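Enquirer: For chain V, the structure is supplied; the task is to place chain U on it using the hints.
There are 2 protein chains.
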Amino acid sequence: MLPQQIRNFIDVFAKLPGIGPRQATRLAFFLIGSGKSKINEAARGIIDLASIKVCTNCFFIHSNEGSLCGICENPHRVQNIIMIVEKETDLMSIERTRRFNGRYLIIGELTKGGILDATQKLRMSHLKNIIGKKLDGQADEVIIATNPTTYGDLNAMVIKNELEGYAKKFTRLGRGIPTGGEIEFADEDTLEQALERRI
Amino acid sequence: MLPQQIRNFIDVFAKLPGIGPRQATRLAFFLIGSGKSKINEAARGIIDLASIKVCTNCFFIHSNEGSLCGICENPHRVQNIIMIVEKETDLMSIERTRRFNGRYLIIGELTKGGILDATQKLRMSHLKNIIGKKLDGQADEVIIATNPTTYGDLNAMVIKNELEGYAKKFTRLGRGIPTGGEIEFADEDTLEQALERRI
Numbered sequence: 127m128l129p130q131q132i133r134n135f136i137d138v139f140a141k142l143p144g145i146g147p148r149q150a151t152r153l154a155f156f157l158i159g160s161g162k163s164k165i166n167e168a169a170r171g172i173i174d175l176a177s178i179k180v181c182t183n184c185f186f187i188h189s190n191e192g193s194l195c196g197i198c199e200n201p202h203r204v205q206n207i208i209m210i211v212e213k214e215t216d217l218m219s220i221e222r223t224r225r226f227n228g229r230y231l232i233i234g235e236l237t238k239g240g241i242l243d244a245t246q247k248l249r250m251s252h253l254k255n256i257i258g259k260k261l262d263g264q265a266d267e268v269i270i271a272t273n274p275t276t277y278g279d280l281n282a283m284v285i286k287n288e289l290e291g292y293a294k295k296f297t298r299l300g301r302g303i304p305t306g307g308e309i310e311f312a313d314e315d316t317l318e319q320a321l322e323r324r325i
Numbered sequence: 127m128l129p130q131q132i133r134n135f136i137d138v139f140a141k142l143p144g145i146g147p148r149q150a151t152r153l154a155f156f157l158i159g160s161g162k163s164k165i166n167e168a169a170r171g172i173i174d175l176a177s178i179k180v181c182t183n184c185f186f187i188h189s190n191e192g193s194l195c196g197i198c199e200n201p202h203r204v205q206n207i208i209m210i211v212e213k214e215t216d217l218m219s220i221e222r223t224r225r226f227n228g229r230y231l232i233i234g235e236l237t238k239g240g241i242l243d244a245t246q247k248l249r250m251s252h253l254k255n256i257i258g259k260k261l262d263g264q265a266d267e268v269i270i271a272t273n274p275t276t277y278g279d280l281n282a283m284v285i286k287n288e289l290e291g292y293a294k295k296f297t298r299l300g301r302g303i304p305t306g307g308e309i310e311f312a313d314e315d316t317l318e319q320a321l322e323r324r325i
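The listed protein sequences derive, respectively, from chains V and U.
Letter by letter, the first sequence follows residues 127 to 325 of the numbering used here.
Letter by letter, the second sequence follows residues 127 to 325 of the numbering used here.
Please note: incorrect hints may appear among the correct ones.
For identical chains, the list gives no copy identity; a pair is met inside one copy or between any two copies.
[What the hints assert, rightly or not] Straight-line alpha carbon distances no greater than 20 Å define the calculated EDC-like cross-link-like pairs of lysine to aspartate or glutamate that follow: (1) 162 / 191; (2) 164 / 267; (3) 286 / 212; (4) 254 / 167; (5) 179 / 235; (6) 179 / 322; (7) 162 / 174; (8) 141 / 221; (9) 164 / 174; (10) 254 / 288; (11) 213 / 279; (12) 162 / 212; (13) 141 / 308; (14) 259 / 221; (15) 254 / 266; (16) 259 / 174; (17) 164 / 314.
Simulated from the structure, these hints should not be mistaken for laboratory data.
Keep in mind the model is a prediction, meaning the values are calculated, not measured.
So here's chain V without its partners, still in its complex pose:
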């Protein structure tokens, strides 16, 4: 019943993260209803993403002339403290705190099974290479910033094992009651961690 163009659109957009067939259908109708100039604007927004580069060092995105992102290019950032994050948005959240002056490796979204995929393995060997060549074989610290969940814990362990010997110490982000949170509603594990790591 729907024109081919809309079915194509739905096929493509329903596969994007967080957008299913229903949402894609809704988007198609919305875009059609907003007219040609809005449609062109949206298409242009996507096309322009093609010019974005990925940093050859940490795999964060950038649009610099060279091959490195702003963080890796910055000579004031400490080289031998490396934070491993899953996603670009995790990196951005950390950067917003302005409290971390080391560098990153974006490993990509990890599975729940604690198994690294081909890309993730490549990125790990890439990191080992960097540590081997530029940091004399050992980083001062590798912060494994996976989520504080059962899967995140498992994945952190897998990554730590992979990097055994490549860092003087391995750390993870601190756990406790989030600022603004209420003790009454904190789960047992969080409270336990908050007690153990009290400040």
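Expert: For chain U alone, kept in the frame of chain V given last:
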């Protein structure tokens, strides 16, 4: 911190229904990560929507040669029973039942305040025109298929008042317990309706 291209993308896509800034950011990273050919495919999917037409009769979308959609073009569909729906997706849901052989008017998503906007008023006068010219001033039935919610009820009343005299009868979709639903979990109003309209 983000390249201009990504910020543009987020600006445009965060405004689409169901997509906020967070989801738009995630989409940008996903698209960048999936490579140029996927980016082009997505852009093409959007561009092609520009060729979709809107039916001059019922305002459903189509890609026919003429100005009418498949439903309005179909000589086997009854002309004097008209269902008013808010959205294209509502029309599609009704069509999937294959139990309605009349025609439609897509009025557009209604506000909660029971006030028709300029486009919606235009569509209502358009419907009155059609009823006046092609149906001798009165449709056999106008089904006002707004959602069975407080707002939907209010909007149905507003539409009915607008069309006073233009139809022999005004109806709405039946109410009761949905198939597969459980009596235990049905709310009071639904049960009341189910009792009153028992089959």
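Enquirer: Now tell me if each hint is right for this structure.
Expert: Quick rundown of the hints versus the structure:
Taking the shortest alpha-carbon separations for residue 162 and residue 191, only the inter-copy value of 19 Å comes in at or below 20 Å, while the best intra-copy value is 33 Å. Proximity of residue 164 to residue 267 under the C-alpha cut-off of 20 Å is found in neither arrangement, the shortest distances being 48 Å within a copy and 37 Å between copies. When the C-alpha separation of residue 286 and residue 212 is checked against a cutoff of 20 Å, the pair qualifies only within one copy, where the shortest distance is 14 Å, while the shortest distance between copies is 55 Å. Proximity of residue 254 and residue 167 under a CA criterion of 20 Å is satisfied in neither setting, with 42 Å inside one chain copy and 36 Å between copies.
In this assembly of identical chains, residue 179 and residue 235 lie within 20 Å of each other by CA distance solely inside one copy; the values are 19 Å within and 40 Å between copies. Proximity of residue 179 to residue 322 under the C-alpha cut-off of 20 Å is found in neither arrangement, the shortest distances being 43 Å within a copy and 64 Å between copies. Taking the closest pair of Cα atoms, residue 162 and residue 174 come within 20 Å of each other both inside a single copy (18 Å) and across two copies (10 Å). In this homomeric assembly, residue 141 and residue 221 never come within 20 Å of each other (Cα to Cα): the closest approach is 30 Å inside a single copy and 25 Å across copies.
In this assembly of identical chains, the alpha carbons of residue 164 and residue 174 lie at most 20 Å apart whether taken from the same copy (15 Å) or from different copies (13 Å). For the identical chains of this complex, residue 254 and residue 288 are intra-copy neighbours only, at 9 Å inside a copy versus 72 Å across copies, given an alpha-carbon limit of 20 Å. For a Cα distance limit of 20 Å, the shortest separation of residue 213 from residue 279 inside one copy, 16 Å, qualifies, whereas the shortest one across copies, 45 Å, does not. Within a single copy, residue 162 and residue 212 get their C-alpha atoms no closer than 37 Å, and across copies no closer than 22 Å, so neither meets the 20 Å cut-off.
Taking CA atoms no more than 20 Å apart as the test, residue 141 paired with residue 308 passes in neither setting, with 38 Å inside one copy and 33 Å between copies. For a Cα distance limit of 20 Å, the shortest separation of residue 259 from residue 221 qualifies neither inside one copy, at 26 Å, nor across copies, at 65 Å. For a Cα distance limit of 20 Å, the shortest separation of residue 254 from residue 266 inside one copy, 13 Å, qualifies, whereas the shortest one across copies, 77 Å, does not. Taking the closest pair of Cα atoms, residue 259 and residue 174 never come within 20 Å of each other, the shortest separation being 35 Å inside a single copy and 49 Å across copies.
Taking the closest pair of Cα atoms, residue 164 and residue 314 never come within 20 Å of each other, the shortest separation being 49 Å inside a single copy and 44 Å across copies.
Hints 2, 4, 6, 8, 12, 13, 14, 16, 17 from the earlier list are contradicted by this structure; the remaining hints agree with it.
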